[in-house]
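K.L.:
Letter by letter, the chains look like this.
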Amino acid sequence: MMDNVGGSSSNIAENSGIIREQDRLLPIANVGKIMKQILPPNAKISKESKETMQECVSEFISFVTSEASEKCRKERRKTVNGDDICWALGSLGFDDYAEPLRRYLQRYREQELDRANNPPKRG
Amino acid sequence: MVMADEEENGVSIQLEFPKGRVKKIMALDKDVKRVSSEALFLVSRSTELFLQFLAEKSAQVAIEKKRKTVNLEHIRVAVKRHQPTRDFLLDELPPPSQAAKPDKPTQPAGRPKLDPAPRGTRCIDQFFRKPEPENTAQAPGQPPENPAQAQSPENPDQDQAQSPVPVDES
Numbered sequence: 001m002m003d004n005v006g007g008s009s010s011n012i013a014e015n016s017g018i019i020r021e022q023d024r025l026l027p028i029a030n031v032g033k034i035m036k037q038i039l040p041p042n043a044k045i046s047k048e049s050k051e052t053m054q055e056c057v058s059e060f061i062s063f064v065t066s067e068a069s070e071k072c073r074k075e076r077r078k079t080v081n082g083d084d085i086c087w088a089l090g091s092l093g094f095d096d097y098a099e100p101l102r103r104y105l106q107r108y109r110e111q112e113l114d115r116a117n118n119p120p121k122r123g
Numbered sequence: 001m002v003m004a005d006e007e008e009n010g011v012s013i014q015l016e017f018p019k020g021r022v023k024k025i026m027a028l029d030k031d032v033k034r035v036s037s038e039a040l041f042l043v044s045r046s047t048e049l050f051l052q053f054l055a056e057k058s059a060q061v062a063i064e065k066k067r068k069t070v071n072l073e074h075i076r077v078a079v080k081r082h083q084p085t086r087d088f089l090l091d092e093l094p095p096p097s098q099a100a101k102p103d104k105p106t107q108p109a110g111r112p113k114l115d116p117a118p119r120g121t122r123c124i125d126q127f128f129r130k131p132e133p134e135n136t137a138q139a140p141g142q143p144p145e146n147p148a149q150a151q152s153p154e155n156p157d158q159d160q161a162q163s164p165v166p167v168d169e170s
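First to last, the sequence lines map onto chains A and B.
Read in UniProt numbering, the first sequence has 13 at position 13, and its numbers run on one by one without any break.
Read in UniProt numbering, the second sequence has 34 at position 34, and its numbers run on one by one without any break.
If you are wondering where the hints come from, they were derived from the structure by calculation, not from laboratory data.
There's no promise every hint is true.
Here are some, though not all, of the chain A residues that point toward chain B, as calculated from beta-carbon distances under 10 Å [what the hints assert, rightly or not]:
(1) 33
(2) 55
(3) 81
(4) 89
Below, a sample of chain B positions facing chain A; criterion: calculated Cβ distance under 10 Å [stated by the list, open to error]:
(5) 22
(6) 27
(7) 29
(8) 32
(9) 63
(10) 67
(11) 77
(12) 79
Just so it is clear, CB atoms sit at the ideal spot from N, CA and C, and this is done for glycine as well.
Chain A with its partners taken away, still in its complex shape (with noise of 0.2 Å):
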């Protein structure tokens, strides 16, 4: 899957060329545009902000990856699931969460059906 997104954050010196820039951090158009819906309508955002969100963001994604992964490797499992991720997000204190991403999974695995039983075309 390639990434085609520009306007990568350019606040922290890229010291190591193992990590690129534009692949730690969410692009900052979809952090913005996220940003703006959550505003009230007369409410501005300055670029420091969105390069700051895009930060804190990308940082949550480690912070419940990171917890995840350490309950999979405790019961010597491979693959992160979504349990894992539910319970992560508890664990860390996000409990909150959990009742919106339960219905959100819900609709997901009813999405996944569908797309089961009706598989595209891919001829």
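Fit chain B to the supplied structure of chain A, relying on the hints for placement.
P.N.:
Here is chain B on its own, set in the frame of chain A:
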């Protein structure tokens, strides 16, 4: 918390963040071997919820300070007010001395953390926390030039920063 764009009508679920990028960020953790499509979906969605939450709180801070533009200081205050978020994010934010035109030279009521591990068994910044207690009332003298790149401090030998993580996508 306010659930923006929450639809119960069975409308197709559209994720805001590209799944490939989320997968790459998850794969920065060396311990992650495989991620199911459900897990990837849940992480993407929970990240949206987190962003919405933080944006909302930051906007509230901006309104309290009678500002139209949300800036870095408002995000910092919002992070401080939420314990679970503060645990893993406060040390990641740029220090106040680097903030663009801060509203006040001193931070209001910067309380030191009394409980190092209130929830969960660990925080990422535990491994990088400075020995001296952080006093947010005054700007730290050493702004971190290089934020922590290591996502899994338990693996000091990093041969490959990005290991491919296959996701079971039907």
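K.L.:
Now tell me, hint by hint, if it's right for this structure.
P.N.:
Verification of the supplied hints:
With 10 Å as the threshold, the beta carbon of residue 33 of chain A comes within range of chain B, its nearest partner Cβ sitting at about 7 Å, so the hint holds. Restraint check, residue 55 of chain A versus chain B: the minimum CB separation of about 6 Å is within 10 Å; hint holds. The beta carbon of residue 81 of chain A comes within 4 Å of a beta carbon in chain B, closer than 10 Å, and the hint placing it at the interface holds. Look at residue 89 of chain A: its Cβ gets to within about 6 Å of chain B, closer than 10 Å, so that hint holds up.
Taking 10 Å as the C-beta cut-off, the interface hint given for residue 22 of chain B holds, the closest approach to chain A being about 6 Å. For residue 27 of chain B, the interface hint holds, since its Cβ comes within 10 Å of a Cβ in chain A; the closest pair sits about 9 Å apart. The beta carbon of residue 29 of chain B comes within 5 Å of a beta carbon in chain A, closer than 10 Å, and the hint placing it at the interface holds. A distance limit of 10 Å between C-beta atoms decides the matter here; for residue 32 of chain B the minimum to chain A is near 5 Å, and the interface restraint holds.
For residue 63 of chain B, the interface hint holds, the least distance from its beta-carbon to any beta-carbon of chain A being 8 Å, beneath 10 Å. Hint on residue 67 of chain B holds. Least Cβ distance to chain A is approximately 9 Å, under the 10 Å limit. Because the smallest distance between the Cβ of residue 77 of chain B and any Cβ of chain A comes to about 12 Å, over 10 Å, the interface hint for this residue is violated. Look at residue 79 of chain B: its Cβ gets to within about 8 Å of chain A, closer than 10 Å, so that hint holds up.
Violated hint: 11 only; the structure is consistent with all others.
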